[in-house]
Every structure is written in structure tokens, then in C-alpha cells.
Amino acid sequence: DAGVIQSPRHEVTEMGQEVTLRCKPISGHDYLFWYRQTMMRGLELLIYFNNNVPIDDSGMPEDRFSAKMPNASFSTLKIQPSEPRDSAVYFCASRARGTQYFGPGTRLTVL
Amino acid sequence: GDSVTQMEGPVTLSEEAFLTINCTYTATGYPSLFWYVQYPGEGLQLLLKATKADDKGSNKGFEATYRKETTSFHLEKGSVQVSDSAVYFCALSPSNDYKLSFGAGTTVTVRA
Numbered sequence: 002d003a004g005v006i007q008s009p010r011h012e013v014t015e016m017g018q019e020v021t022l023r024c025k026p027i028s029g030h031d032y033l034f035w036y037r038q039t040m041m042r043g044l045e046l047l048i049y050f051n052n053n054v055p056i057d058d059s060g061m062p063e064d065r066f067s068a069k070m071p072n073a074s075f076s077t078l079k080i081q082p083s084e085p086r087d088s089a090v091y092f093c094a095s096r097a098r099g100t101q102y103f104g105p106g107t108r109l110t111v112l
Numbered sequence: 002g003d004s005v006t007q008m009e010g011p012v013t014l015s016e017e018a019f020l021t022i023n024c025t026y027t028a029t030g031y032p033s034l035f036w037y038v039q040y041p042g043e044g045l046q047l048l049l050k051a052t053k054a055d056d057k058g059s060n061k062g063f064e065a066t067y068r069k070e071t072t073s074f075h076l077e078k079g080s081v082q083v084s085d086s087a088v089y090f091c092a093l094s095p096s097n098d099y100k101l102s103f104g105a106g107t108t109v110t111v112r113a
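Chains as they are written, first to last, in my numbering: chain A, 2 to 112; chain B, 2 to 113.
Since the hints were derived computationally from the structure, they do not count as laboratory data. All values derive from a computational prediction rather than experimental measurement. Ideal Cβ placement from N, Cα and C applies to all residues, glycine included. Watch out, some of these pointers could steer you wrong.
Now the in silico label distances, taken between C-beta atoms and shown as ranges [claimed, not checked]:
{"hint": "1", "chain 1": "B", "residue 1": "Thr-21", "chain 2": "A", "residue 2": "Ser-67", "range": "41 to 51 Å"}
{"hint": "2", "chain 1": "A", "residue 1": "Pro-9", "chain 2": "B", "residue 2": "Thr-13", "range": "30 to 40 Å"}
{"hint": "3", "chain 1": "A", "residue 1": "Arg-108", "chain 2": "B", "residue 2": "Ser-84", "range": "21 to 31 Å"}
{"hint": "4", "chain 1": "B", "residue 1": "Tyr-99", "chain 2": "A", "residue 2": "Asn-72", "range": "17 to 27 Å"}
{"hint": "5", "chain 1": "B", "residue 1": "Thr-6", "chain 2": "A", "residue 2": "Ser-67", "range": "24 to 34 Å"}
{"hint": "6", "chain 1": "A", "residue 1": "Gly-60", "chain 2": "B", "residue 2": "Gly-30", "range": "35 to 45 Å"}
{"hint": "7", "chain 1": "A", "residue 1": "Val-54", "chain 2": "B", "residue 2": "Thr-13", "range": "10 to 20 Å"}
{"hint": "8", "chain 1": "A", "residue 1": "Glu-45", "chain 2": "B", "residue 2": "Thr-13", "range": "35 to 45 Å"}
{"hint": "9", "chain 1": "B", "residue 1": "Thr-13", "chain 2": "A", "residue 2": "Pro-55", "range": "38 to 48 Å"}
{"hint": "10", "chain 1": "A", "residue 1": "Ser-8", "chain 2": "B", "residue 2": "Tyr-40", "range": "15 to 25 Å"}
{"hint": "11", "chain 1": "A", "residue 1": "Val-54", "chain 2": "B", "residue 2": "Thr-6", "range": "31 to 41 Å"}
{"hint": "12", "chain 1": "B", "residue 1": "Gly-42", "chain 2": "A", "residue 2": "Pro-62", "range": "22 to 32 Å"}
{"hint": "13", "chain 1": "B", "residue 1": "Thr-52", "chain 2": "A", "residue 2": "Glu-45", "range": "19 to 29 Å"}
{"hint": "14", "chain 1": "B", "residue 1": "Tyr-99", "chain 2": "A", "residue 2": "Phe-75", "range": "14 to 24 Å"}
Start from the sequences, fold in the hints, and give me the full structure.
Spelled out as C-alpha cells, the structure:
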């Protein structure tokens with residue numbers, strides 16, 4: 002199994018630009034989670050899906066953030082417009098048998 | 002709400018030293034407990050887990066025992082290697098939810 006796949010691994014963009022992060026969960030996992038990791042706040046849960054349906058988006062910081070899961074094998078996290086304070090590592094994780102498995106993350110830098 | 006508190010780092014050790022990272026939790030019911038490890042530049046990897054009281058999780062020489070009486074899940078390794086240098090996260094998943102609550106992470110550096 003390839004594990005959770007995220008792309009891109011690194012993204013550098015300018016303030017105001019739209020950013021789209023992508024995630025492919027492990028096949029057969031029915032939960033998908035998006036996290037953000039910063040030095041100041043540690044790991045924060047942004048949103049999670051069950052069977053492609055958003056269940057809890059209370060961690061999404063602002064309306065600039067949106068997430069979709071159009072099918073069981075793909076999810077996106079979009080930031081529009083991006084701001085320097087969005088700079089962080091964004092992780093996707095999928096869950097099965099009570100355990101979450103994390104992707105390698107996308108390091109986002111907003112200049 | 003549910004939360005995890007783990008000892009602050011950084012922790013610096015010599016090879017073959019004994020490692021303990023303390024983790025305590027606050028939760029209602031019977032949460033599942035986890036240790037994740039993050040190597041430099043990588044995502045989080047599950048190290049071990051325990052789902053009920055007195056369970057012991059173990060992997061790669063690491064162990065942790067779910068102690069409900071002390072609400073603790075301390076991580077131990079008897080003889081660390083340079084390759085164990087990483088950030089270690091304690092986490093819990095409530096019995097009635099699918100979220101993970103993470104501790105702040107403990108950075109461990111092992112010197113040769």
C-alpha cells in the first residue's frame with residue numbers, strides 16, 4: 002500500500018494567490034482528516050470527512066479555507082486568498098480500525 | 002474537553018541511554034491512546050497504541066502502558082539509538098468520537 006499521498010510536497014506562493022492542496026487517502030479508509038502544524042499552535046484539526054461527507058469543520062480558521070472530497074480517493078484543501086499567516090505544514094490523514102495514518106505533508110510558504 | 006499533556010523538551014540523550022517521555026490525559030469515558038513519531042521533514046507515523054486500561058503498546062523497542070488510575074501513557078525505551086532522534090506526540094481519541102487530540106510534542110535528540 003502506498004500510504005496517504007499528498008501533493009505538492011512544497012508550495013511557495015505570494016499573498017493573495019489561491020492555493021490548492023491535494024490528498025489521496027489509503028484505499029478503503031472511510032475517514033479523512035486535514036491538519037495544520039505550526040510552531041506556535043502545534044497540530045490543529047481543520048476538518049474531517051466520513052464517507053466523503055464533511056462531519057466537523059469547526060477547526061477551519063476562516064472562510065478563506067475550504068475543503069472538498071468529491072470521491073473516496075481524493076480530497077482538496079483550498080485557501081483563497083492566501084496570507085502569510087497561513088504558512089504551515091498541512092497534513093492529510095485517513096483512518097481505519099481506530100487508527101489515523103498520516104501523509105508526508107505539504108509545506109506551504111506564503112510570501 | 003479532552004486533552005493531552007506531555008513533558009516539554011527538548012530532551013538530549015546519549016546512545017544506549019534510557020528514555021522516558023511522560024504523557025497524561027484528561028478525558029471522559031475510555032479513550033484510545035497513541036504515540037506518534039515525526040522524523041525530520043516527514044509526516045507523523047504511528048508508533049504504538051493502546052485501547053483499554055492496562056493494555057501495553059509496543060513497537061521498535063518502545064513501550065507504553067495505559068494506566069487509567071493515573072490517567073497516564075508514558076513512553077519508554079531502554080536503549081536509544083541516534084536514529085530515534087525525532088519529535089514524539091502523545092494523542093488520544095475519545096471513545097465516542099473520531100478526532101485525535103495531540104500533545105505539544107517532545108523533541109528527542111540522541112547523540113552518538
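Hints, verified against the model:
1. Thr-21(B) with Ser-67(A): 41 to 51 Å: holds (42 Å)
2. Pro-9(A) with Thr-13(B): 30 to 40 Å: holds (34 Å)
3. Arg-108(A) with Ser-84(B): 21 to 31 Å: The hint (21 to 31 Å, Cβ to Cβ) holds, given that Arg-108(A) and Ser-84(B) are roughly 23 Å apart.
4. Tyr-99(B) with Asn-72(A): 17 to 27 Å: Distance hint for Tyr-99(B), Asn-72(A) holds at roughly 20 Å.
5. Thr-6(B) with Ser-67(A): 24 to 34 Å: holds (33 Å)
6. Gly-60(A) with Gly-30(B): 35 to 45 Å: Violated, at about 22 Å.
7. Val-54(A) with Thr-13(B): 10 to 20 Å: violated (46 Å)
8. Glu-45(A) with Thr-13(B): 35 to 45 Å: violated (28 Å)
9. Thr-13(B) with Pro-55(A): 38 to 48 Å: holds (42 Å)
10. Ser-8(A) with Tyr-40(B): 15 to 25 Å: holds (20 Å)
11. Val-54(A) with Thr-6(B): 31 to 41 Å: Given range 31 to 41 Å: holds, Cβ gap about 33 Å.
12. Gly-42(B) with Pro-62(A): 22 to 32 Å: holds (25 Å)
13. Thr-52(B) with Glu-45(A): 19 to 29 Å: The hinted range 19 to 29 Å holds for Thr-52(B) and Glu-45(A), with Cβ atoms some 24 Å apart.
14. Tyr-99(B) with Phe-75(A): 14 to 24 Å: Given a distance of about 20 Å, which is inside 14 to 24 Å, the answer is holds.
Taken one by one, the earlier hints fail for this structure at numbers 6, 7, 8, listed in ascending order.
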